[in-house]
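Q: Each protein sequence line maps, in turn, to chains A and B.
If you're matching positions, the first sequence starts at 20 in the working numbering and goes up one per residue.
If you're matching positions, the second sequence starts at 2 in the working numbering and goes up one per residue.
Among these hints, one or two may not hold up.
What the hints assert, rightly or not - DEER-style ranges, computed between Cβ atoms:
id, chain 1, residue 1, chain 2, residue 2, range
1, A, P423, B, A16, 34 to 42 angstroms
2, A, A106, B, S56, 57 to 65 angstroms
3, A, L246, B, P21, 47 to 55 angstroms
Said to hold, decoys possible - Now the stretches of chain B that chain A is said to cover, found in silico as 3 or more residues with beta-carbon under 8 angstroms:
id, segment
4, 27-34
5, 44-53
6, 68-80
What the hints contain is simulated information worked out from the structure, not anything from laboratory work.
Glycine included, C-beta positions come from ideal geometry on N, C-alpha and C.
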Amino acid sequence: MSESSDQHYVIVGAGQAGAEVASELRKRGFEGQISLIGDESVAPYRRPPLSKAYFSGDAEADSLLVLKPPQLEKNGIDLLSGVTVDAIDRATHTVTLSDGRSLQYDKLALTTGGRARPLPCPGNDLDGVFLLRSLADVDAIRAHCNAETRMAIVGGGFIGLEVAASARKAGMAVTVVETLDRVLARVTAPVVSAFFERIHREAGVDLRTGVRVEAIEGTTKVEGVRLGDGSVIPADVVVVGIGLIPNVELAEAAGLEVDNGIVVDACAQTSDPDIVAAGDCANHPNRFAGERIRLESVQNAMEQARVAAGTMLGAESPYDAVPWFWSDQYDCKLQMAGLSGGYDDIVLRGDPAAEKRFSAFYLRDGQLIAADSVGRPQDFMFAKKLVTLNIAPDRAKLADPEVPLKAFLPA
Amino acid sequence: MPRLHFVHPDGSAQAVEAEPGESVMAVATQQQVAGIVGECGGCCSCATCHVYVDSPWFEALAAPDEMEVMMLEAAVEPTAHSRLCCQITVADDLDGMVLRIPAGQL
Ligand SMILES: Cc1cc2nc3c(=O)[nH]c(=O)nc-3n(C[C@H](O)[C@H](O)[C@H](O)COP(=O)(O)OP(=O)(O)OC[C@H]3O[C@@H](n4cnc5c(N)ncnc54)[C@H](O)[C@@H]3O)c2cc1C
Ligand code: FES
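Isolated chain B, as found in the complex (with noise of 0.2 angstroms):
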């Protein structure tokens, strides 16, 4: 199974198994990753799931589509490696990918 690497914002990091196929943002959620609150459940209306994707992972990932990309332009903080970790789907090759988890989501 791949792990994906939390960060949190105090630097701690944080390694959970995901099951290919599941959101980043179910795997979170239901690990108990905090600071990832996945509010809606994934259906992209409230940017609780934002995350800054680190290189080599973030450019490995399918674009964001155009709801994401207006979401997150409004989402706390964004940067050229944020996304909406419901919007990203865990496969064997995000394997050690790294997540760093703002400080705060609204």
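Just chain A, same shape as in the assembly (with noise of 0.2 angstroms):
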């Protein structure tokens, strides 16, 4: 690929996907200039150890990063780190940085991820309130932090239930307040939501669903949680866990389509042609949801990004993987494959009220559509396949622990 050795890519946001995208150029032959440029001070790094192994201090910085900085060097990788991409002019194929510069583009890719959702209530501006998505969040959280610590989490999600679980497992007093009647509402059937309220309980966590956070106690640090129903937890620090905000405003000011994120077609394109977007800020179209969709997953960010950069360089071929996910809760690991939204039929493998071993099989007209695995890695890994074929199970069959998922897959 000669011609393309005066080429200039730039990436905007050093995520994962970014980096990944900066990657696959070089292994797919790219030999222009790379720019990757991000507002964090750090080079590329995973976020899942953030709210696990991270936060419970049994990780360090380092092995969380992607790509270190000799690695980026040798791979011809320019990372600009802690700058800011203020402004894209798509008519000169310009970005302006914050420091001032501003660095001419051939193809442009927006991988800016998202940022935490603050909570809308008074008090969320007290010293000791906490939002987590970054590594320098969680560095501030755990500098708040002790044994002692009463920890009060908003938000009965994955980052909410797994920084809970980490905390438990460093001693403090958790509380868990979320404003569903369950946790993992969004993403998990109520048998699956029962389990893993049931771990949090049996792990001494409070958990308050179906209840409100009014307001944050304090006069300068946080002192409590005031709920809808007047009572007040009494906190020390509290970390809110209410979900993302796709960081679209760059796009949408340089005159992208934005839609709940960054409108982009199957071949992560936006509506410029020399610009794509991959990871948790795009929109796509999925035949896993069977409509356009915003994912937050590494396997998406990671995946799409794959996609992102085959399109800058010419050579499209459409998204289609399988969305996957991953949670580590105690001693729990749940596997999801698939996406279990508009399910009509759930079969369960092993009894999740009083096991630490199952699955839940989401059907839609027969087909499976996704499962949800704890401790049982093979279903997962065989129902990834088997939502991919859109394969249709006996039900008998796929409720029997003894018959292997593999049985299904097409000889």
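Hey, can you piece these two chains together into the complex? The hints should help.
A: Listed below in structure tokens is the structure:
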């Protein structure tokens, strides 16, 4: 690809998707200049451990890095860290940086991810109230905590529950407050939610569902969380995990189409042929969702980034990877394959009310569309394949733990 | 520093220097070894770091834990020499280890 050597490809956002775009461009033989621009002060890193092993002190920051500085250099990836891209001028193919520089691009990738949604209530700016998205956020939270800390977590989603497990592990007193009537309500079936509620209660978490947070109380520092029923949970630290706001403002100001994310086609191309987008910020057509969707997962960040890199190089190949996700809480590993939204039937293997190993299979019109497995990784692995192939398994066999899922694969 | 030899499905070999204490998956992804994806970052959740380890190194490795064994059962074409290389820690006595990369990871 010799003609590529005088090209300049610019990537905005040095997270997991941005790093993968850069790596993939090199793996595919791109010889031009690559600038990877990120507003955080560190090299690209993996976020999942932030609420898990890194939160509980079992992983070093260094082990989170996707590409370390020597590897970036070796691969000719120019990392501009601690710098924000303030504007894109599509007519002149230029980006303007917060340090006053401007860069000319031939192709541009937007991998801007998202930011944690702040708690919309009084007291959300008190000392001791934290959002959790970045390494810097976790370092700040950990600096505020010790084994005596009383931690209140707002939001019973994955991040809130993982932080609860990590904080319990560190000996803290933990309360989780969730507005909806069950945890993980947006992503799993009630039986799976009930399983996670059980393991958190067994671990000593004070879990409150179906209650709203009215205010964070305190004068300068957090003293407690006031709930809709008037009661106050005393707390020294509040961690808010109530969702993500995609970073679309830059794209929007540049006149790109935006609708719950930067709108891209199956090949990760935006409404501008020289600009792609991937990862948490990208709203894309997804056959497993049956509609457009914005996914927040490592799987999506990495696989869509590879598709985007291909498109930058003029080798379009549509994104068609089955979504998957994992979560580690206490000694339980949850692995999810597919997207369960719109299921009309659910089949269980194992008893989530009594055991710590089970799978929940989601069916629609008889077809397996998703599976949530705890401690049954083979089910997860084969479910990924079955979902990809639109298999309609026999219901009774699906419920039988003795029948390996492999049996449903076409010979 | 120990050297690891990755053999690609087409038979071509790639040698990389590895820092003791790092996982083989971390070494491979940092060095851009094609075919080792490491999507989950090494927490035994994805099996996109599946490799076949040659003797005598295979026998020299610490035995896989239950989670890894279960994941391997469902990996693409597992053999008696299959491992998830995020679970292998580089050490001086693994110098020269030969790891074969499968034709696919899903
Ligand atoms: C605590 C936590 C735990 C998680 N656990 C899991 C898990 O177990 N499994 C899983 O699959 N997923 C998990 N995720 C989600 C996963 O980490 C994300 O889906 C993934 O990081 C998305 O990658 P990305 O590159 O799209 O976005 P990001 O990682 O958000 O990266 C985008 C980067 O771009 C920067 N940026 C934005 N705008 C600009 C600009 N204008 N100029 C310069 N830089 C800019 C941002 O600051 C950021 O550094 C977790 C996330 C968190 C926060
Ligand atoms: S990197 Fe995911 S299982 Fe090894």
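Q: Now, for every hint given, state plainly whether the structure supports it.
A: Here is how each hint holds up against the structure:
no.: 1; hint: A:P423 to B:A16: 34 to 42 angstroms; in the structure: 38 angstroms, holds
no.: 2; hint: A:A106 to B:S56: 57 to 65 angstroms; in the structure: 58 angstroms, holds
no.: 3; hint: A:L246 to B:P21: 47 to 55 angstroms; in the structure: 51 angstroms, holds
no.: 4; hint: 27-34; in the structure: holds (count 5)
no.: 5; hint: 44-53; in the structure: holds (count 5)
no.: 6; hint: 68-80; in the structure: holds (count 6)
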